[in-house]
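S.K.: Make a model of the complete structure from these sequences and hints.
Sequences listed follow chains E and U, in order.
Terminal number for the first sequence in this note's numbering: 668, no gaps in between.
Terminal number for the second sequence in this note's numbering: 1485, no gaps in between.
No false leads were mixed into what you were given.
Below, a sample of chain E positions facing chain U; criterion: calculated Cβ distance under 8 angstroms:
#1 G48
#2 L68
#3 D71
#4 N641
No wet-lab data here; the hints were simulated from the structure.
Computed from a predicted model, the values in this text were never measured in an experiment.
Where is the CB? At the ideal position from N, CA and C, for every residue including glycine.
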Amino acid sequence: MNPRSSWIKKLLVSSTGALLLLVSLVALNYLAGLVPLRLDITEEGLYTLSDGSKRILSNLDGQVTIKYYYSESLANAPLQVKNYARKVRELLDEYENAAGGDVTLEVYDPQPDTEEEEWAFKYGLQRIALPDASNLYFGMVVLSEQREIAVPFFDPRREKFLEYDISETIARVTAKSQPALGILAFLNVSGGQASPLQPREPEWAFMGELKKIYKVELLLPNLTKIPEHIDLLMIIHPKFLPSNVTYAIDQFVMRGGRLMIFADANARTDRQELEKQQGIRFTYSSIPDLFEGWGLVFDKTKIVGDRRLATRVNTQSQGIVDFPLWVSFRGDRINRDSVITSQLEEVTFMDGGFFEPAEDFRYTFTPLLTSSSDSGTIDNFMAQMAGPIDISRTLEVDGKERVMAALITGTFETVFPNGPRKTQQELAGDPGTAPEDAAGPPEGHLDRVEQENSIMVVGDADFMHDQFSVQRVSLFGRPIIQPINDNLIFLLNAVEFMSGSRDLIDIRSRGTFSRPFTTVLDLQQAAQEKYQQQEKQLSDQLEQVRERLSKLETAQGEEGNQRVILTPEILAEVEQFREEERRTQKALREVRKVLWQDIENLGRTLLALNLLAVPLLVAIIGFAGYYRRVKRSGGRN
Amino acid sequence: MNGLIPIVKRELLSYFRSPVAYIFIIIFLISTAGATWFLGSFYQSNQSSLDPFFFFHPWLYLFLIPAVGMRLWAEDRRSGTIELLLTLPVNLLTAVLGKFLAAWLFVGIALALTFPMAATVYYLGSPDTGLVVTGYLGSFLMAGSYLAIACFTSSMTKNQVISFVLGFFICLILVLLGWGFLQALLVNVFPVWLADAITFFSFSSHFEGFHRGLIDSRDVIYFLSIIGFMLFATVIVLEHRKAS
Chain E
32 MNPRSSWIKK
42 LLVSSTGALL
52 LLVSLVALNY
62 LAGLVPLRLD
72 ITEEGLYTLS
82 DGSKRILSNL
92 DGQVTIKYYY
102 SESLANAPLQ
112 VKNYARKVRE
122 LLDEYENAAG
132 GDVTLEVYDP
142 QPDTEEEEWA
152 FKYGLQRIAL
162 PDASNLYFGM
172 VVLSEQREIA
182 VPFFDPRREK
192 FLEYDISETI
202 ARVTAKSQPA
212 LGILAFLNVS
222 GGQASPLQPR
232 EPEWAFMGEL
242 KKIYKVELLL
252 PNLTKIPEHI
262 DLLMIIHPKF
272 LPSNVTYAID
282 QFVMRGGRLM
292 IFADANARTD
302 RQELEKQQGI
312 RFTYSSIPDL
322 FEGWGLVFDK
332 TKIVGDRRLA
342 TRVNTQSQGI
352 VDFPLWVSFR
362 GDRINRDSVI
372 TSQLEEVTFM
382 DGGFFEPAED
392 FRYTFTPLLT
402 SSSDSGTIDN
412 FMAQMAGPID
422 ISRTLEVDGK
432 ERVMAALITG
442 TFETVFPNGP
452 RKTQQELAGD
462 PGTAPEDAAG
472 PPEGHLDRVE
482 QENSIMVVGD
492 ADFMHDQFSV
502 QRVSLFGRPI
512 IQPINDNLIF
522 LLNAVEFMSG
532 SRDLIDIRSR
542 GTFSRPFTTV
552 LDLQQAAQEK
562 YQQQEKQLSD
572 QLEQVRERLS
582 KLETAQGEEG
592 NQRVILTPEI
602 LAEVEQFREE
612 ERRTQKALRE
622 VRKVLWQDIE
632 NLGRTLLALN
642 LLAVPLLVAI
652 IGFAGYYRRV
662 KRSGGRN
Chain U
1242 MNGLIPIVKR
1252 ELLSYFRSPV
1262 AYIFIIIFLI
1272 STAGATWFLG
1282 SFYQSNQSSL
1292 DPFFFFHPWL
1302 YLFLIPAVGM
1312 RLWAEDRRSG
1322 TIELLLTLPV
1332 NLLTAVLGKF
1342 LAAWLFVGIA
1352 LALTFPMAAT
1362 VYYLGSPDTG
1372 LVVTGYLGSF
1382 LMAGSYLAIA
1392 CFTSSMTKNQ
1402 VISFVLGFFI
1412 CLILVLLGWG
1422 FLQALLVNVF
1432 PVWLADAITF
1442 FSFSSHFEGF
1452 HRGLIDSRDV
1462 IYFLSIIGFM
1472 LFATVIVLEH
1482 RKAS
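M.R.: Given below as C-alpha cells:
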C-alpha cells in the first residue's frame, strides 16, 4: 500500500474525515441549489414556460421591472406558502432569463418598519397577519414606463394559473391601451337586485375577471347605436330585442366589431322570470333576425339533452340523478383544434339550445362544443313543468350531434340591406308601413365588412353564473374565487380570442382538473341506461294495471245504477293491482341495486388482483425454489 | 472497482435463496396495495393517478427498508464472515458498494412487482404517464437513500435488531423534517437559515417534485448524495473496525 493512500485512509477514518464528509454533503447540495436543472416530463409540460409567455416576452418594447416581495426571514410562515414561494421565485427567474434583458427581477424581503415594507404597502400588496402577530408579504408588482400593476398575494391554490397570472400582468402592464368590452345583458350580471322581490346578488365572478383585463362597459337595451369605441360586444340572453337594437348590432359587425351572442333555450338564472309563480315564463332568448340573416337555425324553445354527457345533480326531491339537460362537454366533444377550447377539460351548459347551419349558409361554421350522438331535444315548456327524472325518462335520443357553441367566420354582409326592420308589435301601431322597411337604409349604412370577421354564438347563458362556474372561498379573511369547472375559463378564453390578444390563450388552463376513471363512468352510464329502460317498462306496466282497474270501475258503474259496488271481481282485481304494484316496486329496487353492483364488483376484482395476484405468484415461485433446493440437497445426502 | 459485478450478482442471488426475501416482497406488495386502497381510498377517489400509491412510500419504507438493510453487515459481523471479507483482495469500497447495489436492486425488483397498480390506473382511465414514470423513479431513488442509511447502521453493530431500530429512527427524522410541526419547533430553537437548512434534508420535500412529474437536479443530487455519504460513512466504520 502506498503511503499516500494510507494517509487518505487515516484521514477518512478519523472524526475529522467524517466531519469533512458531512460538510461536503451540505456543500454539494448547496451548490446544486445554485444551478437548478429541471426536466418536466408531464404530458402537458406543466412546469415549462409556454410559447404564449415567450411570445409576450419577445414582443416587449421597453423595460419591465418585476418587484417580488416575500417575507423570507419570517419564521412562522405556513409551510405551504414557503414551498409555493420557492416555486414562484423559480418561475420569475425563468421569466427574467427568457426575456433576454427586457425584464429585471428585484427580490425583496420586507422587514417590519423598514422602507421596503412601506413600499410594499404603497404598491397595494396584501399584508397577512400571522398568528404570532408578524406580517407576511407574498406578492409582486410589475412596472413599465406606462403603469404599474400589483399581484397583491400569490394564492397557493391558484398554482395552476401562476404562469398565466404573471404573463397576464406583464401583458397588461405593457399594453398600449385596454380593449373596450361592451356588455348588453338581460341577466343580472352586475349584481344588485334584479327586481324588488329578489334578494341582492353579488356581481357575477366573470365580470370581475373581465374587468381585470378590459374596459368593461354595460350598455343599456334602448340604444340605437353601439358606441364607436367598443371593440368587442357581448350580448347575454337577448330577450325580445327591438328592431333598432338588432340593426345596431348588425352595423356594429359591419364596421369590424367583434360579436359574441349568448342565447339560451331556458335561462335558469333569469330572475325576473323566476319570480312569476304561474303562467308561461319566457326563459328563452334569441336574435332571430340576425341568426336567420346569417343562415343559422336556432330554435329557442328546444333544449338539448344528452344522455352520455349528463351531469350528476343532487335534486332535493328525487335524490341524485344524471340530468341530461345539463350537458358536461369533455374529451372529443370539445374542439381540440380551436385556441379557445383546446385545453379545456370540462364545460357544463344548463338547458342550452343548439345551432345548425341552414341550407343557404355561406360562411365558415366552426363548432366549439358539440353534444354526443346520444342527444335529443325537450321543449322549454316541458323542462319548466317536469321534474328531472321525468325529463330524463322522456328524452328521446335520435343519434344526432348538436353544436351548442360555434364560431362563424367570414366577410359578413348586412342582414338589413334596407335599414331597420319593424317588428310585428311596432307594425301594429303603424298600419300604414309595409312589413319590409320601405324607408330604405339610413345614412351611414354599411352593407358588408371590409375584412374577415368572427362572430361567436353560444346556446347557453347560465353557464357563466357563479352557481355553475365558481366557488367563493375565503383565505386569510380575503374572498377568493375558485373555478369548479372550465366554464369561466371557456368564457375568458373566448373573450380573449375575440378581443384579439391571442398570446395568453396558450397559457391559460394548464393543468388538469381531473382525470376520472373513464371505465367506471362507462359502467355507470350503461347501468343507468339499463335502469332507465327497465324502469320505464315497469312504470308502463303499472300504468296498464291502473287503466284496467279504472275501466273495470267505469263498466261497473254503468251497469250498477251509477254506484260502484265492490263485487268480488273488483276486489280481486284490486288485490291483483296491489300485488303487481308491490312486485314492480321490488323489481325497481333490485334494478337500482344492480346499478351500483357492477362498479363495486369491478373495484373488488381490482383490489383482489392488486392485493393478492403478485404476492401469490411470488409465494409459489419461492416455494418451488425452496422445494427444488431441498430435493436436490436431499438427493445428495 | 474490480469485482463489483460478481459481488452484486452473488449477493442478489443469495437473497432469493432464503425464504425471507420472498416474505419481504409479499409484505411489501400487500402493504403498498393495502395502504393505497384502504388508507388512500384509491378507488373512491375516482382519479387515474398513482398519488395515493406513492403518498405512502416514505412511511412504508420506514419499516421495510431498514429490514432489508439490517442484515447487510450486522450478519457478517455476528457470524465473523466479515473478517474473511476484509481479507479478500477486493477494495472495501467495492464490497460496500456491491452489497448496497444488490440490496437496492432487490428493493427495485419489489417495487417493479407493484406493476399491477400502474396497470390498474391505465385500465381505469388515462393517467399522465410522466407522473407515473417520475413517481417510480423518485420512489426508487428514495428507497436507495433509506437503504444507504440502513447499510450504515448495519455496519455499526452486530445486532440486527439494533441496526433496524437505529435505521428506522434516522429515516424517521429525515421524513419528519418535512413536516410543518417539526419545522415550527426547529425555528424556535435555531435561527431561520439554519432551520431551513436542516429542513432541506427532509425526504418528503425532495420526493414531492417527483410526485408532480418533475425531475429536478436538486432532488436527484440530494438522494444520490445521501447514498454517497452514507456509503462512505459505512466504509469509514468498517475501515475503523479493520484498523482496530
